[in-house]
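Asker: For this one, chain A is given, so just place chain B on it according to the hints.
Residue numbers (my numbering), protein chains in the order written: chain A, 44 to 552; chain B, 44 to 552.
I should point out that these hints are in silico values taken from the structure, not numbers from a laboratory.
Among these hints, one or two may not hold up.
Just so you know, same-sequence chains aren't split out, so a pair can sit in one copy or run between any two.
[Claimed, not checked] Think about it this way: if two alpha-carbon atoms lie no more than 27 Å apart in a straight line, the pair counts; the simulated DSSO-like pairs of lysine-lysine are:
#	residue 1	residue 2
1	Lys288	Lys486
2	Lys104	Lys266
3	Lys207	Lys500
4	Lys480	Lys80
5	Lys530	Lys266
6	Lys423	Lys165
Protein chains: 2
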Amino acid sequence: MNDVKKTARTQARLPRGFGDRGPAEIAATERMLATIKESYQLYGFEAVETPFVEYTEALGKFLPDLDRPNEGVFSFQDDDEQWLSLRYDLTAPLARYVAENYDKLPKPYRSYRAGFVFRNEKPGPGRFRQFMQFDADTVGTSSVAADAELCMMAADTLERLGVKRGDYVIKVNNRKVLDGILEAIGLGGAENAGRRLTVLRAMDKYDKFGADGVRLLLGAGRKDESGDFTKGAGLQPAAIEVVLKILTEPTSEITSAMVEDRIGGVLIRNSAFADLSASQIFNEGIAELVKIQFLTRNSGYTDEQIRIDLSVVRGLEYYTGPVFEAELAFEIAEEDGRPVRFGSVGGGGRYDGLVGRFRGEDVPATGFSIGVSRLYAALKAIHSPVVAGAQQRGPVVVLVLDQAEVVRYQGFVSLLRNEGIAAELYLGSSGMNAQLKYADKRKAVCAVIQGSNEREKGEIAIRDLVLGAELAAGSKERADYLELRTKAQFTVPEADLLKAVKEVLLRHA
Amino acid sequence: MNDVKKTARTQARLPRGFGDRGPAEIAATERMLATIKESYQLYGFEAVETPFVEYTEALGKFLPDLDRPNEGVFSFQDDDEQWLSLRYDLTAPLARYVAENYDKLPKPYRSYRAGFVFRNEKPGPGRFRQFMQFDADTVGTSSVAADAELCMMAADTLERLGVKRGDYVIKVNNRKVLDGILEAIGLGGAENAGRRLTVLRAMDKYDKFGADGVRLLLGAGRKDESGDFTKGAGLQPAAIEVVLKILTEPTSEITSAMVEDRIGGVLIRNSAFADLSASQIFNEGIAELVKIQFLTRNSGYTDEQIRIDLSVVRGLEYYTGPVFEAELAFEIAEEDGRPVRFGSVGGGGRYDGLVGRFRGEDVPATGFSIGVSRLYAALKAIHSPVVAGAQQRGPVVVLVLDQAEVVRYQGFVSLLRNEGIAAELYLGSSGMNAQLKYADKRKAVCAVIQGSNEREKGEIAIRDLVLGAELAAGSKERADYLELRTKAQFTVPEADLLKAVKEVLLRHA
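With the rest of the complex left out, here is chain A (with noise of 0.2 Å):
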């Protein structure tokens, strides 16, 4: 009595850029996000989590690409006719869970939490519309030692995964350092901010489109291979050359000293640019970069894991100190064989206003966020146990060869199920064969079969279906071959059942 069927055939397909996940991918995932939830733990975090949903003003507007239509978030009206969005990053909710919460939270308040956000874009390879994050984020201190710390536990988290040292880094700048140079070739003051986001986001691309193309994102504009047009920061071509160079030579040793002459040096040489050893700032941030090289060297990280690199930007606009960028360093092939390096996985930084936008007053934060398909992506490229794992098996499946009989097969089903033996009674229509292949697709180790004569006789067949696969290949010789095919399939005594099917599980175990 349902009109189901009277409405108009529709197309089952998914909307460009969200996609399905098998038990496989899902499994794994599992064992990935509870590694990483072990090592945030042990590092004092506790878990939060915020609804995919919040007010549109909540959230804010930090996201790159703002020039797209819908500004990359999905929004809707509520029915008071106030704006709703789906969450585009878990930092933006942390904020407004804390600014909500100020006074209940211990501070500094640690807290992390995983959980899919979602994205207005246009969706590509590897870029998707909906896809996880694993954030964590220490608020209410100001003290370095805050980054440093996640940049450590970063590099833990890494190793933890079965990321191998030399085969990872975790990449440290300060958007202070940045602002400072761009300050440097005439881009301070409230009134550059826009420009200096437009300069910072080419500068992102970097890894993307290369010199070539941030040089025409630095200057006049782009336009990509559809013909869609990027307008440019409209930079003099000296200028250009200076953002270049961080870009193209980032420093990877820093001292105070080395900065003034590897950069300072730069800007100094080129007479359009003031010497930067004077912009309060840029030393401000040098000093926080040395701070942070300091902690991590004197707990024992290498600059092999993690270092300083002037060439980090991170492209959300809330950024005010430290950030950071988790790059794996091995190469994998590329669709056309070419080796590409990974590249990131992660990132992060200092938001110190963010929580503030609600408070009236600056609340110090930092964070580091996990692109969770993009690492699972990279530990499956190298062959990481926690997400190859052993291969998974389906349940013991019984067959019903006879209707009659059902009450009976489901009882075999139960014997097994009560010693916690994953089994399943079949209950489609087809005929043995059918069943066994059903079987088969199940990924099943063994099928329970009894028909009227194994009945008749007391006794149950049972079918291993690994051992039957290696049957089929053909590959084994002829005395291999009889033994083989013994213990394929053989009979036994009703009462004789769990210990047959726990003897075939054993054998593939």
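Answerer: For chain B alone, coordinates are given in the frame of chain A:
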């Protein structure tokens, strides 16, 4: 250089019907979900997940309360003007998934998934706009053995979660039986589909509004406390009493003969309606119920665990056969102290038309859905160990009494972490007393303290915060007090830090 602080102050608040979750609830829910998963895997169900967003037309419109604005669903338009919606349950997306991947899935296809769903409805106490469901579905078999299996699995799962036998019951009914009765009171045929649904939804409100409320909804209509009027089904008084009879005197022991006697009897005695014994759909429904009862009884489930109850309706439109409701029979105290039955924590049923919407032919399917938040509240009420767990302890807190020694303190933290002990460095800027209060707030078992005195002697002080709290409560005898005070804070050589911390952790394990 961010402009965050310059924007107007934003209010830190959540839209109504959405909530945050803290560490205790997250951990308890995770244990609960893991337990359900274990149970479902034992039955041979495998994990699958779909995204939160689907094409609106793929989800269909099967929600109750379609008369509300936006029809209960959060929707928004894509770049190409097609409508997208947040999923309102996990069944409609599964139907899309199965239809899209039909040929490569084993059939019957047993799967499970947990996830948040969204309802654009008026929120109220215990009624959220984002909540979690945990579903299991069997697609591709019309055998009621699949329905019976879901009922048995639901019973097993509740017991595994700590709900005692007698405290729950899985009630089973059949939409075909209800349809047969509605046919008999003049609501047969396609032209009455809308009114049938109105009657079913009125019946489904019996727990909420009682007999008097349902009587109004079956007749002219009902006005709620806020003055909102819901139009009724417009049944004649005699028809209303037949329907109410089903709700107020549900059949618990069912056989074909009994049903004819109880329900048929009511109808026959009431001369306005025809005898049901000739109704094909009614008899089909009864036969299915009898078979489900036969299968569950013979698998050892009693009437106390799984039983036929003709008052079960379920509000969703798409059910076509057996429907189930998992009810908790124990009582809890209402806000006003009045004891009430806990009620439903899950339900489901057969929806043979839902996958067929995409394929042009019916695909038999049946499913069971747990309301995770409801069940969580229930398990808390009965103090189930699954959600109670041990009191969550925070990390060991290493105090920072001298900023110049932060590297030394960080070393203590690393030493503990390397032994798998959760530990953190105090990252704020407060003095010793505030740091100890912070450690208490973090539920730390102990604090590690090294001032200049201790450092010069090469010692470390360990403060047992649990014993400290007992001392502060002052409930101990004098003799005990002195001993406790000695244990609550003591000094050890720096080399014994690990041993001493382990000792304190063991005291309170």
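Asker: Does each hint fit the structure? Answer for all of them.
Answerer: Tested hints:
1. When the C-alpha separation of Lys288 and Lys486 is checked against a cutoff of 27 Å, the pair qualifies neither within a copy, at 56 Å, nor between copies, at 49 Å.
2. Taking CA atoms no more than 27 Å apart as the test, Lys104 paired with Lys266 passes inside one copy only; the shortest distance there is 25 Å, against 43 Å between copies.
3. Taking the shortest alpha-carbon separations for Lys207 and Lys500, neither the intra-copy value of 59 Å nor the inter-copy value of 40 Å comes in at or below 27 Å.
4. When the C-alpha separation of Lys480 and Lys80 is checked against a cutoff of 27 Å, the pair qualifies only between copies, where the shortest distance is 26 Å, while the shortest distance within a copy is 40 Å.
5. Taking CA atoms no more than 27 Å apart as the test, Lys530 paired with Lys266 passes in neither setting, with 66 Å inside one copy and 71 Å between copies.
6. For the identical chains of this complex, Lys423 and Lys165 are intra-copy neighbours only, at 26 Å inside a copy versus 44 Å across copies, given an alpha-carbon limit of 27 Å.
Checked against the numbered hints listed earlier, the structure breaks hints 1, 3, 5; every other hint is satisfied.
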